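*Asks:* One letter stands for each residue in the lines below.
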Amino acid sequence: MIEITDLTHRYGSLVALDRLTLHIGPGEVFGFIGPNGAGKSTAMKILACLLRPTAGDARVCGHRVHDSGDAIRGLVGYMPDFLGVYEDLTVDEYLQFFAAAFRIPARNGKRAAVVDSVLQLTDLTAKRHAMVDSLSRGMQQRLGVARVLLHEPQVLLLDEPASGLDPRARIELRSLLTELRNMGKCIMVSSHILTELAEMSTSIGIIERGTLLFAGPIGEAFARAGAGERIAVTLEGGPADARAIAADLASDPRVRSVAAEDRSLTIELAPAVNGHHFLIEAVIARGGRIASFTPRPLKLEEAFLRLTRGAVN
Amino acid sequence: MDAPAAPPAAPANPAGSLPTAGRPGPLAVLFGPVFLKEMLVLGRHRSTYWTRAGFVLLLAGVAALVFFGATADASRLPGASALQTLQRVAPLLANVLGFLQLTAITLVAPGLASSAVCDEKRARTLPTLVTTPLSALQIVGGKLTARLAQLMLLVISAAPLLLSVRVFGGLDAEFVAASVALTLGSALATAALALLFSTWHTRAAAAAAFALATYGLLTVAPFFTAMAIGQFRAPPPWFVTATSPFLCLSALLGGGRIVVAPGVGTTQLWLIGAAYQIAIGIAAAALAAASLRRVMLREAAGRPDPGGEGPAPAAAGDGTPAPAVPATKKRPSSRTLTGSPVFWREYRRPAVKSRTARRTLVASVLLGLVWLYTHLPFHSEELHYTVALVSVGVLALLNAQSAPGAVGVEREARTWDALLTSRLSPASILFAKAGAAVARVWYIPAYALAHFGVAAFAGFVHPIFFLHLTLILFACGLLPVCTGLVLGLAVRKATTASSLNLLVLVGLWLVFPVLVGLMGSLAPPAGRHALKPLADAGLAINPFPMIVFALGPALRTPSLAYWPRYEWLGRDDLDPLGFSVILAGSFGALSVIGLVALLVAARRFNRLTDRPS
Ligand SMILES: Nc1ncnc2c1ncn2[C@@H]1O[C@H](COP(=O)(O)OP(=O)(O)OP(=O)(O)O)[C@@H](O)[C@H]1O
Ligand SMILES: [Mg+2]
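Keeping their order, the protein sequence lines are chains A and B. The working numbering puts the first residue of the first sequence at 1, with every later residue one more than the last. The working numbering puts the first residue of the second sequence at 1, with every later residue one more than the last.
Honestly, the hints are just simulated from the structure, not real lab data. Hints should not be assumed to be uniformly reliable.
Unchecked claim - The calculated label-pair distances, taken between Cβ atoms and stated as ranges, are:
id, chain 1, residue 1, chain 2, residue 2, range
1, A, 167, B, 492, 37 to 45 Å
2, B, 492, A, 37, 18 to 26 Å
3, B, 596, A, 25, 45 to 53 Å
4, A, 106, B, 367, 41 to 49 Å
5, B, 490, A, 26, 24 to 32 Å
6, B, 128, A, 261, 36 to 44 Å
Claimed, not checked - From the derived model, a few chain B residues whose C-beta atoms are all more than 12 Å from chain A:
id, residue
7, 25
8, 45
9, 64
10, 240
11, 332
12, 337
13, 372
14, 418
15, 419
16, 424
17, 530
18, 534
19, 584
20, 585
21, 612
Note that this is a predicted model, so its numbers are computed, not measured. All C-beta atoms, glycine included, are put in the ideal place defined by N, C-alpha and C.
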């Protein structure tokens with residue numbers, strides 16, 4: 001539903017997007033991650049028809065951003081990274097305003113019903129008559145999500161929607177996005193909270209300095225990053241034993257790295273090594289007595305840290 | 001030797017001291033870190049350089065006009081050498097430049113200073129400032145000196161021009177001193193007032209407008225009030241004249257021959273005048289510091305910014321503590337949106353957000369009206385001229401100032417992006433905004449038309465003036481709105497767009513006629529003939545002379561039994577139909593020009609907003 005081909009954007013001499021190519025299909029939740037200033041917001045703005053790309057092509061549901069702005073605006077719900085609110089309106093009036101702007105007719109209470117339903121969906125019903133500018137940041141963020149859902153867009157572009165949300169609201173947002181995904185919508189989310197993104201995304205894209213480093217399912221990202229599984233082992237013996245065993249294990253080709261601290265070892269397996277039995281056997285064979293053995297699942301942070309360099313554009 | 005034994009010096013800023021605990025010296029107040037930061041930022045803005053260039057160009061342009069205008073006849077006189085002509089013109093030139101500089105600086109200063117605190121509020125940087133050891137006085141002082149430094153640079157950049165005039169001699173040294181002192185004093189006063197209002201307002205353009213209005217009240221109103229009290233027969237006492245820098249300068253120009261201030265010498269007059277300006281500046285700066293302290297504390301308390309408007313409610317006169325503002329403001333119910341959403345919202349956008357300011361404004365306007373109607377009898381011509389001219393002027397100025405904000409405010413509040421991703425078409429956005437901007441100020445035309453309705457009914461004015469006034473009011477309300485929206489789209493900063501829009505009106509209704517007139521006086525007879533249509537057109541689209549042309553006959557022939565005869569371009573027997581056609585044609589043309597400009601902006605909307613399609 002989103003097709004980006006060789007998209008380039010320059011702000012003056014600064015290249016914010018450098019020949020970005022990306023495809024996102026229906027029913028996908030695409031997590032867009034990258035260091036600050038990588039170009040995430042820029043890419044989303046172009047897809048929302050807010051910014052004229054310098055070169056390249058971007059299509060939403062087959063419509064080119066260059067010539068079908070109006071069609072795209074009807075299909076896309078864009079939530080900017082910084083939500084502006086009209087100061088002198090209530091929550092209800094704010095949503096009515098945008099419902100009208102998206103040509104939802106007021107006849108037969110249709111508009112009121114739509115506003116009701118998004119208020120319910122984002123749990124804002126209690127704040128219905130509150131002035132928008134007096135809402136807390138998280139509440140405003142929810143209002144932003146509510147606004148985006150008004151016209152039932154096929155494609156959602158959410159720029160850091162979870163920032164400022166409390167844990168409950170985040171969990172709710174996640175389930176909301178899952179629900180929307182099940183409805184066949186295509187969702188592009190940028191976020192810096194990677195654990196969360198990992199849980200709700202079906203695929204991710206990592207961008208740095210305007211260049212796409214990776215795009216695809218999360219599992220593939222780990223493989224690409226060369227990140228292996230991690231296991232924490234605590235021994236009953238003293239720190240000296242732990243160090244000796246660590247030194248021995250480090251020479252095993254299936255082990256990528258070992259770190260010893262006090263009585264515990266943190267072992268990272270080489271990529272694509274499955275199974276833990278060899279590790280248990282190896283520790284026991286070297287006279288270690290295992291007090292605990294905890295495999296740690298892969299984290300998106302690791303892949304992120306390995307794939308990006310933290311260089312600033 | 002004994003250095004280690006000495007007690008350790010107290011740290012300049014002991015840990016845990018409150019921001020207000022340190023007592024910065026006067027230098028730290030005026031040239032502290034805030035000053036440096038502001039200078040840096042202002043130096044980075046392109047508009048700073050545009051203003052400077054524009055200022056010098058304006059002065060140079062006017063100087064050239066005055067010069068050629070004044071030498072045009074002289075050049076045809078035999079025997080006068082070029083140098084003699086120059087010497088003859090120099091004093092006139094210096095006077096014009098002195099007045100122009102004073103006017104321009106007075107108008108530029110509030111625009112420059114009004115964003116001082118508004119920008120910080122919008123960027124939410126005030127809480128950060130609170131956590132630094134800077135005091136509110138230091139912040140205000142630094143911001144003010146940085147602006148004043150910019151204004152000084154403006155004056156200095158125009159200095160070569162004034163000096164070159166001086167080279168040709170004949171220039172009074174005292175006049176130069178007075179004009180510089182009054183200009184800088186006025187700059188200080190208006191800049192400090194703008195800063196004060198920017199602590200109360202979130203919109204810089206509103207702060208600038210209020211500052212100018214207040215400055216007008218402080219410098220123009222005393223003179224006129226005193227004149228009115230004296231029944232316009234005697235000049236008011238000198239201390240009233242001293243409140244206006246313009247009058248001080250004129251008194252000096254008259255060399256005491258024109259008695260504007262009995263009882264005091266011209267030198268004392270301008271010195272006192274400059275002192276008065278400085279006093280206003282200092283008082284406004286002190287008030288601004290006090291107000292800023294309150295705003296900063298409120299923002300630091302973490303309460304969502306309640307619009308950042310108006311003095312805190314603690315100012316209640318009866319001494320009872322103000323009720324705490326609830327964390328979320330609520331309305332008992334929400335209104336239902338009808339019709340075009342942009343129109344709906346724009347129409348309801350409060351022009352003045354603070355309730356206190358709104359009430360003060362309404363009260364002072366009402367007081368002014370009461371004063372007007374009690375002092376001028378209803379049959380007096382002055383009353384009707386005043387009502388017609390002032391309503392048209394206020395309507396045009398108000399719209400010119402506020403219309404660019406319809407785009408600028410959204411851009412600054414970042415609601416613009418949300419609007420641009422909605423399905424509203426460019427034309428529907430722009431025309432709804434224009435319609436709402438015109439409709440928002442319905443009370444001005446309503447008042448003026450009601451006044452003349454009653455006057456016509458009472459038999460003081462011919463009813464046809466009602467029609468003429470409607471035409472003029474409509475065009476003068478619509479045109480500034482259209483140009484303002486176009487400028488608001490094209491220029492990023494709302495304050496800049498507002499100033500440019502005001503300039504458009506001033507150019508159309510003031511500079512253009514003066515320019516054509518001067519060119520006419522320069523040109524040989526044949527050229528003068530060719531310029532005539534241009535001059536006539538300039539006159540026809542100018543609401544102020546046209547009101548005089550329309551109202552005079554209507555007042556002289558109020559009876560329905562006769563038709564008024566109109567004077568127009570040398571004729572004095574134009575019938576009402578002919579005159580109405582001229583009026584409808586010229587003001588219709590103004591409205592159409594405005595609408596066409598808006599239409600063009602709507603066509604080029606995506607280019608102006610950088611949307612791909
Ligand atoms: N209006 C602008 N003018 C000039 N440069 C800009 C503008 N907007 C963004 N940039 C630059 O473009 C680059 C990409 O910015 P962008 O906002 O897309 O980053 P981002 O990935 O969204 O970052 P973040 O995670 O901080 O939100 C940055 O280097 C930024 O400085
Ligand atoms: Mg961003």
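*Asks:* It remains to establish, for every hint, whether it holds in the given structure.
*Replies:* Taking the hints in turn, this is what the structure says about them:
no. : hint                      : result
1   : A/167 x B/492: 37 to 45 Å : 39 Å, holds
2   : B/492 x A/37: 18 to 26 Å  : 22 Å, holds
3   : B/596 x A/25: 45 to 53 Å  : 46 Å, holds
4   : A/106 x B/367: 41 to 49 Å : 43 Å, holds
5   : B/490 x A/26: 24 to 32 Å  : 40 Å, violated
6   : B/128 x A/261: 36 to 44 Å : 39 Å, holds
7   : 25                        : 39 Å, holds
8   : 45                        : 16 Å, holds
9   : 64                        : 37 Å, holds
10  : 240                       : 41 Å, holds
11  : 332                       : 7 Å, violated
12  : 337                       : 4 Å, violated
13  : 372                       : 32 Å, holds
14  : 418                       : 6 Å, violated
15  : 419                       : 7 Å, violated
16  : 424                       : 5 Å, violated
17  : 530                       : 45 Å, holds
18  : 534                       : 40 Å, holds
19  : 584                       : 36 Å, holds
20  : 585                       : 38 Å, holds
21  : 612                       : 4 Å, violated
Hint compliance for this structure: hints 5, 11, 12, 14, 15, 16, 21 are not met, and every other hint is.
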